[in-house]
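Peer 1: We have chain Z; now place chain D onto it with these hints.
Residue numbers (this note's numbering), protein chains in the order written: chain Z, 1 to 548; chain D, 1 to 104.
Honestly, the hints are just simulated from the structure, not real lab data. Please note: incorrect hints may appear among the correct ones.
[Said to hold, decoys possible] Residues of chain Z placed beyond 12 Å of chain D at every Cβ, according to the derived structure:
1. A30
2. A65
3. P84
4. P209
5. E267
6. H278
7. T321
8. D353
9. P424
10. E442
11. G483
[As the list claims (entries may be wrong)] Facing chain Z, a subset of chain D residues (Cβ under 10 Å, in silico):
12. R3
13. A9
14. D57
15. V58
16. W59
17. G82
18. T88
19. S90
20. Q95
21. R98
[As the list claims (entries may be wrong)] Quick look at which bits of chain Z chain D covers, simulated, 3 or more residues with Cβ under 8 Å:
22. 68-82
23. 407-418
All C-beta atoms, glycine included, are put in the ideal place defined by N, C-alpha and C.
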Amino acid sequence: MSAWGREREARDARITAGRSLADGKHVAAADAVALLEAVLRPGDRVCLEGDNQKQADCLARALAACDPARVHDLHMVQSGIVLPEHLDVFETGVASRLDYSYSGPQGARVARMLSEGRIRLGAVHTYLELFARYFVDLTPNVALIAAVSADREGNLYTGPNTEDTPTVVEATAFKNGLVIAQVNAIVERVPRVDIPADRVDFVVAADRPFYVEPLFTRDPAAMTETQVLMAMMALKGIYAEYAITRLNHGIGFGTAAIELLLPTYGERLGLKGKIATHWALNPHPTLIPAIESGWVKQVHCFGSEVGMDRYIRERPDVFFTGADGSLRSNRAFCQTAGLYACDLFIGSTLQIDLAGHSSTITRSRAAGFGGAPNMGSDPHGRRHPSETWLKAGREAGGNGDPALRRGRKLVVQIVETFGEGLAPAFVERLDALAFAETLGLELAPVMVYGDDVTHIVTEEGIANLLLCRDADEREQAIRGVAGYTEVGRGRDRAMVERLRERGIVRRPEDLGIEPLDADRSLLAARSIKDLVHWSGGLYDPPARFRNW
Amino acid sequence: MDRLSFRHATRRPHPGTRAEAIAGVVASGNLEILLERVLAPDLCTVEIETPVTGYGDVWEAVVADFVARAQPGGLRISINDGGARPDTVSLRLLQGARLMEEAP
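Next comes chain Z alone, as it looks inside the complex (with noise of 0.2 Å):
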């Protein structure tokens, strides 16, 4: 062998440690911990495949469980902290650095553990970034994925939740990577072939079927007047101005109830077929009522939801499905096409500071980012015009020749002023500062950079920040719309009153909404009962949404 194959020599000998344990590629569940023992080596760079939705739930158990006597020091490189085995990791010393994406129901503890300086932190990425770093300079050693099912050669059916895993496999097969994976079935033949048994080297039947978190259900029984009201603005006062066509949603309630004000708020504004027809989305249960109203022409997903798979596979005119019937979803060509197709991204966050930035990092909660700061922001890269883009652009100014200048992106944070516990969304200086400081990080953890933000709503009014000209505008125009908090009372009313005159600031009453009109009643659907009905029974919610 020259010299030029050590890596895959490398690959050659863990293969050749697995083997003793395998009937051809296939391990029984009960060998996952003695397979990864085998097979890892200190200081490997492992995916331990995991996002804000599915998780490797089964090798995460195994990995949490190995010898640490063994297996030392790993450099994880994964999506998302989601599972308390992903943490456990560290406090044995299985792993010892990490580089991820998302940590929302794990963030309290991640902060902790940060803190106490048992994780080296390499950075907090957005998911495209790093995916974008596996094929650079954190190229996995060994990546552990899930799929549904794998036939005896080990080829893979993911399933409607693909998500993150060709990308994993991309990166770290083609770069003398070890690929082990679990699966809910051993069967003859795979529904379709998702991952090819030629990048695939071990696989795990695994004990039960891998987790996937219903993150992108919204119960609309517990949507409330002021996010319809807010919903009501953001559609009069930015969908339909701007036309736009092409969008991505966040997860909140008030992106959710845009999505039930289209087929009745949104019909009566004469909007359909104009707004809202092309989505990077995941299959949302709130986009059903506009789906079946004949408003959504197509939508590609970044992962599935649970309880929407019937639903797809009944509907491919809209949705993107495989040659068996069922959802094809990728989370890295989604990521990009919110990034690059997409004119609007609308979504919440829990900071927002004078100068326009965003976080949702507070001093005892580490969130991560996941996708929203690619979503959330003006990609410089954008080549192709719309008149949406175009508009936008125009309204952020500039002088000289009009071919030659850029259009924007719509980045709109749709927030209430006060969120949980009383706690003001607007705020002089973010947790994120003060987070960074104590870690001593070099950057603070923005989630949107003020420059990117376009449009803030409240359900006191719309922020126009594209039309704002120097910074004390712009302060002044997030203090217009800040509501009661401390920041929303700081206002310098008659400054607010002029911005208010260029239609910088508006209120409802400047869009000709009456806030005692913003009724739930208006919502397509008032429960998670109505949405299964408006599916025609396709759409099967988790028990912990089956509340009627």
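Peer 2: Relative to chain Z, chain D alone:
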């Protein structure tokens, strides 16, 4: 438990003849508002009972904006708060004022 009380002069009496109305419900994150037409037509009082302490200045601002907007002269307003956010308080006050404009 905080008890707050505000008293405002108004430029005009609140329209309508309805003697009393209730808006909202007593629930966590919500509030119940009782409106009674019992005061002089150029006066409005608002009494608040809330389990959340330390938000006196926010209540003061919410009530002042409501009075300026609705001019609820003659109304005695009693609020039983369940920890509602200020925007919900504003909305319920406006809903209550609208109810008082309806026929009894």
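Peer 1: Next step is simple, just say for each hint if it's right about the structure.
Peer 2: Results for each hint:
For A30(Z), the requirement that its beta carbon stay farther than 12 Å from each beta carbon of chain D is met, with the minimum near 47 Å. With a least beta-carbon separation of about 42 Å from chain D, A65(Z) lies farther than 12 Å from that chain, consistent with its non-interface assignment. Distance check for P84(Z) against chain D: the nearest CB is about 30 Å away, which clears 12 Å, and the non-interface claim stands. Every C-beta of chain D lies more than 12 Å from that of P209(Z), the closest at about 36 Å, which supports listing it as non-interface.
Every CB of chain D lies more than 12 Å from the CB of E267(Z), the least distance being 24 Å, so the non-interface label holds. Against the 12 Å criterion, H278(Z) stays outside the reach of chain D, whose nearest CB is about 33 Å from its own CB. Every Cβ of chain D is farther than 12 Å from the Cβ of T321(Z); the closest lies at roughly 41 Å, confirming the non-interface assignment. A cut-off of 12 Å between C-beta atoms confirms that D353(Z) is not in contact with chain D; the least separation is 20 Å.
Non-interface call for P424(Z) relative to chain D: violated, since the shortest CB-CB distance, roughly 10 Å, does not exceed 12 Å. E442(Z), annotated as away from the interface, keeps every beta carbon of chain D farther than 12 Å; the closest lies near 36 Å. For G483(Z), the non-interface assignment is contradicted: its Cβ lies about 6 Å from the closest Cβ of chain D, within the 12 Å cut-off. For the restraint placing R3(D) at the interface with chain Z, the shortest Cβ-Cβ distance is roughly 18 Å, beyond the 10 Å limit, so the hint is violated.
Checking A9(D) against chain Z by beta carbon gives a least distance of about 21 Å; that is not within 10 Å, so the hint is violated. Interface hint at D57(D): satisfied, since its Cβ lies 8 Å from the closest Cβ of chain Z, which is below the 10 Å cut-off. A cut of 10 Å between beta carbons decides the hint on V58(D): the least distance to chain Z is about 5 Å, and the hint holds. Checking W59(D) against chain Z: minimum C-beta separation of about 9 Å stays under 10 Å; hint holds.
Of the supplied interface hints, the one on G82(D) is violated, with its beta-carbon coming no nearer than about 12 Å to a beta-carbon of chain Z, more than 10 Å. Because the closest C-beta pair between T88(D) and chain Z is about 6 Å apart, less than 10 Å, the hint holds. This hint holds: S90(D) has a C-beta 8 Å from the nearest C-beta of chain Z, less than the 10 Å allowed. Look at Q95(D): its Cβ gets to within about 6 Å of chain Z, closer than 10 Å, so that hint holds up.
At a threshold of 10 Å, the smallest CB-CB gap from R98(D) to chain Z is about 6 Å, leaving the interface hint in force. Judged by the Cβ-Cβ criterion of 8 Å, the segment 68-82 of chain Z is not covered by chain D as claimed, because only 0 of its residues qualify and three are needed. Only residues whose C-beta sits within less than 8 Å of a C-beta in chain D count toward coverage, and the segment 407-418 of chain Z has 3 of them, enough to reach three; the restraint holds.
In the structure shown, a violation is registered for the earlier hints numbered 9, 11, 12, 13, 17 and 22, in ascending order.
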